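Number of protein chains: 2
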Amino acid sequence: MVNGVNSEPLYAVGLDVGGANTKACLVKVGSGRIKEVKVVSTYFPIWKRGKDELPKVLQQLKELLLQGFEAGVVGVTMTAELSDAYFCKREGVHHVLNSVKSVFPEDVISVIDCDGRLLSVDEAKADPLRVAAANWMATASMVSKLVPTCLVVDVGSTTTSIIPIAYGKPIAIGKNDLEKLACGELIYTGALRTNLAAIINRVPVKGMMVRVSSELFATTADVHLVLNHISMEDYTCDTADGRGKSRLECLARLSRVVCADIDMLDEGELLRLASFIYERQIDQIVEGVREVYERLKREAPNLEIPAVVAGIGRRFLAEEAVKRLGIRAIDLANLIGSEASKAAPSVGVAILAASSRVGEALWSSISSLR
Amino acid sequence: MVNGVNSEPLYAVGLDVGGANTKACLVKVGSGRIKEVKVVSTYFPIWKRGKDELPKVLQQLKELLLQGFEAGVVGVTMTAELSDAYFCKREGVHHVLNSVKSVFPEDVISVIDCDGRLLSVDEAKADPLRVAAANWMATASMVSKLVPTCLVVDVGSTTTSIIPIAYGKPIAIGKNDLEKLACGELIYTGALRTNLAAIINRVPVKGMMVRVSSELFATTADVHLVLNHISMEDYTCDTADGRGKSRLECLARLSRVVCADIDMLDEGELLRLASFIYERQIDQIVEGVREVYERLKREAPNLEIPAVVAGIGRRFLAEEAVKRLGIRAIDLANLIGSEASKAAPSVGVAILAASSRVGEALWSSISSLR
Chain A
3 MVNGVNSEPL YAVGLDVGGA NTKACLVKVG SGRIKEVKVV STYFPIWKRG KDELPKVLQQ
63 LKELLLQGFE AGVVGVTMTA ELSDAYFCKR EGVHHVLNSV KSVFPEDVIS VIDCDGRLLS
123 VDEAKADPLR VAAANWMATA SMVSKLVPTC LVVDVGSTTT SIIPIAYGKP IAIGKNDLEK
183 LACGELIYTG ALRTNLAAII NRVPVKGMMV RVSSELFATT ADVHLVLNHI SMEDYTCDTA
243 DGRGKSRLEC LARLSRVVCA DIDMLDEGEL LRLASFIYER QIDQIVEGVR EVYERLKREA
303 PNLEIPAVVA GIGRRFLAEE AVKRLGIRAI DLANLIGSEA SKAAPSVGVA ILAASSRVGE
363 ALWSSISSLR
Chain B
3 MVNGVNSEPL YAVGLDVGGA NTKACLVKVG SGRIKEVKVV STYFPIWKRG KDELPKVLQQ
63 LKELLLQGFE AGVVGVTMTA ELSDAYFCKR EGVHHVLNSV KSVFPEDVIS VIDCDGRLLS
123 VDEAKADPLR VAAANWMATA SMVSKLVPTC LVVDVGSTTT SIIPIAYGKP IAIGKNDLEK
183 LACGELIYTG ALRTNLAAII NRVPVKGMMV RVSSELFATT ADVHLVLNHI SMEDYTCDTA
243 DGRGKSRLEC LARLSRVVCA DIDMLDEGEL LRLASFIYER QIDQIVEGVR EVYERLKREA
303 PNLEIPAVVA GIGRRFLAEE AVKRLGIRAI DLANLIGSEA SKAAPSVGVA ILAASSRVGE
363 ALWSSISSLR
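Residue numbers (the working numbering), protein chains in the order written: chain A, 3 to 372; chain B, 3 to 372.
Fair warning: there could be bad hints in the mix.
[Stated by the list, open to error] Below, a sample of chain B positions facing chain A; criterion: calculated Cβ distance under 8 Å: (1) TYR190; (2) ALA199; (3) VAL207; (4) ARG213; (5) SER215; (6) SER216; (7) VAL260; (8) ILE264.
Worth flagging that the hints you see were computed from the coordinates, not collected in a lab. Being a predicted model, the structure only gives us computed values, none of them experimental. Even glycine gets a Cβ: it sits at the ideal position worked out from N, Cα and C.
So here's chain A without its partners, still in its complex pose:
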């Protein structure tokens, strides 16, 4: 065993290749314990920049994290296969895995499937729908070791995953994105990239309820910036109009949602509009949480079940949503640290891959991430 229990330290890498953001995590393991965790994320909109750029992006993330050391294991999960850079998911899964293979030796790569098992690259390529969009399972694997019965609400830049965990086991019923969208386990609303026209049909302006434009004029990042939920540094995606991320530019984008501009609507009016959209976005998440929580309650009727909130929207979206339902929130940042909590799938799949070498006992040291 070159990088096993007896050959320390073990450098475990976790990759979460999304359509808009690619996240990578390094977990350093020594003496059967997690010694260090580092997370990097890069905004890489694959349908815009082109899939051929992916190997280069992965290479950069690798160098940034490993700085010359060798990865003993590489855990992989993805959602980029859904991007319209690919005609179908099969093509996407194959391309993502080939890209990972071009950067890391194939024999250290493991791919998580939607049942939480690790597959070889060849196994994953033989059954691509089994590993497509399995990144929620990477998060679920990790959280289930920390809080054995809970609901995970992970609000990322683009989507919200709602994962029921009972007695240490994820019990999600959706086997793929389609089924998850049907049962509330996936809500296509996020903290940064969501087109506001996909959240609301009308908004209040000057005492009227006004229909909105269906163009991509503004995104949730504009709402959350003007409401001080995020800073300009957190606004890590493109703006809808290619302009800047200043407060004034965000307000200008918001005004365009009702075909107006900042000569026509003052800041107070635009903040009311933003608050209204924020509330409707919380409603979207509440609807999914309620549906999944009720199922989970039936599985664990005698327990008080908290929600573990994760992702960049964990405080102002996930926590706010679960509060409305009287559910206690546990911030994943308090369990594994703030940076790691924003990129939970990459952390989860790194530790999963590492523990397949070092043993299950590794999980008990997760809290050292904090």
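Fit chain B to the supplied structure of chain A, relying on the hints for placement.
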């Protein structure tokens, strides 16, 4: 008078500078009558291609239409000022008018305002919000001469205008897009470019009601192509994923709306999904039509009030919507010809500009367009 009643023929040009499509119309006038009408349209997404290209596009349209003849009058209307190519409408109106001035002599240019009056370029630039998005008025001016009391329902690639006309006068209450969006006179839904996520939150798939992705994965052009409402030639905008416009590629885009692909959903399933979205799009238009029609009814209580349907979606969207409310539809194509009916604002503003020279009598020959 160089190009007036006594100097024939008069070549009148109408320009409708939209954010996505720019349309131009040539009306040839002789002996106080319309002799010929020609319409050209070009897909020019100004926020993608850049506003600096606009003069070139206008020059090309001019050459195509006039083929060396001089324009005696040029009527202008626009909606491009709303595009996020511009920071605000003032900037947009100024840039559009300067672009027109770079192609036509300033003294032949007239700009229609939202009261149906013609302004000089300087007057329009002094009060940009008065001419912003006034293209509905160009259509209303024309239709009011043909059907004195009616509701115009003009479904273009991007938006739907609903205009009440009573006793020969447009009686819209919205003074700008914001007010129109509030009162049902403008619905931001169109036959080609609308993001499906702005129309529906859930769709039926395999017996489930499934939430949809909020990405720009597919547009109404995909729905209307697979339902045989439009041909590949009518699909005159970009596809959401940059791929082709074949039936198979449209179906593939539709499958992605629920995060699936065509390996997962068969054609029957996708056609049911498309039909569902089509019905919801009609509902959007019905809602606006009902609101505006009820107001119009109060103005003209004793008349049977038909709807004049226009634009590229006039048959499968506008006519379908008014039918649901038991309103008789008159196809604008039967009044002014099929090509002209798809670009009514450019035709209307051309004739308005021409009649300001030749006299109101010109309107009585509109039906020769047919």
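Now for the hints, and whether the structure bears them out:
| no. | hint | in the structure |
| --- | --- | --- |
| 1 | TYR190 | 5 Å, holds |
| 2 | ALA199 | 4 Å, holds |
| 3 | VAL207 | 7 Å, holds |
| 4 | ARG213 | 4 Å, holds |
| 5 | SER215 | 5 Å, holds |
| 6 | SER216 | 4 Å, holds |
| 7 | VAL260 | 5 Å, holds |
| 8 | ILE264 | 7 Å, holds |
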